[in-house]
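Modelling step: build the complete structure from the supplied sequences, incorporating the hints.
There are 2 protein chains.
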Amino acid sequence: MATTISRDKVFFAFSPTNQPVAHMKLGDIVTLETHDCFEGQIQTKNDLVTNLDWNHVNPATGPVYIEGTKPGDVLRVELIDIEVGAQASMVAMPGEGALGGIIKEMETTILKIEGDELVFKDKIRVPKRPMIGVIGVAPFEGSVANGTPGMHGGNMDCTLISQGNRVYFTVGVEGALFGAGDLHAAMGDGEIVVCGAETAGRVRFKPQIVDIPELPTPFVETPEVVATIFSAPEVGAATQGAIDRMAEFLTKFVKIPLNDAGMLMSLVGQLKFCQVVDPLKTVRFEFPKSVLQQYGFEMPA
Amino acid sequence: MATTISRDKVFFAFSPTNQPVAHMKLGDIVTLETHDCFEGQIQTKNDLVTNLDWNHVNPATGPVYIEGTKPGDVLRVELIDIEVGAQASMVAMPGEGALGGIIKEMETTILKIEGDELVFKDKIRVPKRPMIGVIGVAPFEGSVANGTPGMHGGNMDCTLISQGNRVYFTVGVEGALFGAGDLHAAMGDGEIVVCGAETAGRVRFKPQIVDIPELPTPFVETPEVVATIFSAPEVGAATQGAIDRMAEFLTKFVKIPLNDAGMLMSLVGQLKFCQVVDPLKTVRFEFPKSVLQQYGFEMPA
Chain A
199 MATTISRDKV FFAFSPTNQP VAHMKLGDIV TLETHDCFEG QIQTKNDLVT
249 NLDWNHVNPA TGPVYIEGTK PGDVLRVELI DIEVGAQASM VAMPGEGALG
299 GIIKEMETTI LKIEGDELVF KDKIRVPKRP MIGVIGVAPF EGSVANGTPG
349 MHGGNMDCTL ISQGNRVYFT VGVEGALFGA GDLHAAMGDG EIVVCGAETA
399 GRVRFKPQIV DIPELPTPFV ETPEVVATIF SAPEVGAATQ GAIDRMAEFL
449 TKFVKIPLND AGMLMSLVGQ LKFCQVVDPL KTVRFEFPKS VLQQYGFEMP
499 A
Chain B
199 MATTISRDKV FFAFSPTNQP VAHMKLGDIV TLETHDCFEG QIQTKNDLVT
249 NLDWNHVNPA TGPVYIEGTK PGDVLRVELI DIEVGAQASM VAMPGEGALG
299 GIIKEMETTI LKIEGDELVF KDKIRVPKRP MIGVIGVAPF EGSVANGTPG
349 MHGGNMDCTL ISQGNRVYFT VGVEGALFGA GDLHAAMGDG EIVVCGAETA
399 GRVRFKPQIV DIPELPTPFV ETPEVVATIF SAPEVGAATQ GAIDRMAEFL
449 TKFVKIPLND AGMLMSLVGQ LKFCQVVDPL KTVRFEFPKS VLQQYGFEMP
499 A
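Protein chains in written order, with our numbering: chain A, 199 to 499; chain B, 199 to 499.
Zero decoy hints are in this set.
Where chains are identical, the list cannot tell them apart; a pair therefore holds if satisfied intra-copy or between any two copies.
Listed below are the simulated DSS-like cross-link pairs for lysine-lysine, each with C-alpha atoms no more than 27 Å apart in a straight line:
1. K450 - K321
2. K321 - K310
3. K243 - K326
4. K321 - K487
5. K487 - K326
6. K319 - K487
7. K268 - K223
Treat the hints as calculated values from the structure; they're not laboratory data.
Next comes the structure, spelled out in structure tokens:
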């Protein structure tokens, strides 16, 4: 039974046909060592994206075969700890991201990570807020490149996927074939230039099967909120998907009448961007657990 | 010089040809009494939207002629205090809003406002967070119905437009012809069923002209962030507009090089929804003032 999985064990697409690099049991705690999204190819400001080997981008560590999981199970992954490295990189790229039309010069910059802060261009200090960009399970069928988000998870770039929170996936194949990578030492909602503070790191996680069948996954739980996540080619469709799935959760699982669910979503629900720069755009809808509790509903312990 | 403007003095479209109902000076503090978005037509759960007089929806109190303002001036409106009434209403409407395709029954519900909480359906308690739905100045030309947001402000439904914050507009006509209404005792980002907790109330505000010419307005300042706001027929275009205008602000006003501005927007900027249900959709981009300060930039005092 592995307790740490090396960052040399990577895959580049979530697929039912991937061979597992390790096995683990439900309830065990395992650490994934992860590469940054460039698989370590960018170490200095002289390492430009133009020189990248694009066959080695967005590695996820794994896949891990989680014993006792089968298609249709709802897998909850508790993120016990996320550690990031001593430095992170960011890039600006003409033609890429939400400002690609006006950015003219390719650039790489290296951020130092000092305690709870990142240092940008040796002078601007911002808070460290580690999160996971790519996380998921093999889909039921087909192969999804790690750079793309979807129903299986993948490159959701959701800032809620951070230490102490729980991410829910629907298992697609026996063993789930779970993996994660693409850590960010910090990232803002939107991911405007297609990167956060890209860094290598370590993710300590605990998987469980939870008895909440047909939960609309991907789904996230924090101490304060639950959230549905949806990805689609256009922001508008991603928005509608995240809204529809929260309405489904509130009506089918929490048993709130539809009109009340809609009005409460309008009153205290928060529609939020994850990212608007990947091959599919990702939107989430957050709803406060304090209201679920007033309806007598708790997520599984 | 008026110090309180009655809620009987309303208009339903921002327009250069509106006749002012009051005059005030820059730096003076004035209170607008506001109707709710239904102009008080909904008082009980039996008052359904189907029976509304739609010629009396989205009233804004005003317009107020602010002496000393001329086209092109950047007008800063400081929101000193926002009070809401003792009750609020919400409605569910088939065919309207982001869940209009599945909502089948027209409904009105009345929320009690008790201290710092709203009470929904006599049992669910949520925090009171007053904000202004409709606020703006007359556009340079043309008339914009109060239900529609735009470059002049209007129905932006932005949750940052709340007590203690500052909203910036570009003056379109002499006197600005400022007005506000459509208060919400609480609303979540997105405004899923096209309403927050709709309530009458009072807004105490202080207008100033600030020397920051060609600021991309509408623009909001809170103690923590500055934000650009952009509205467009589709969410995707609203998103791009809010992003482009923050890039413009950071490069032209704060003098951050474009690549750095883009990377910092990706690192610590927050792309957020205002609403996705009005005739135009509204998105904002928030950026932390702590980073502006590290570049030696402060908004005008």
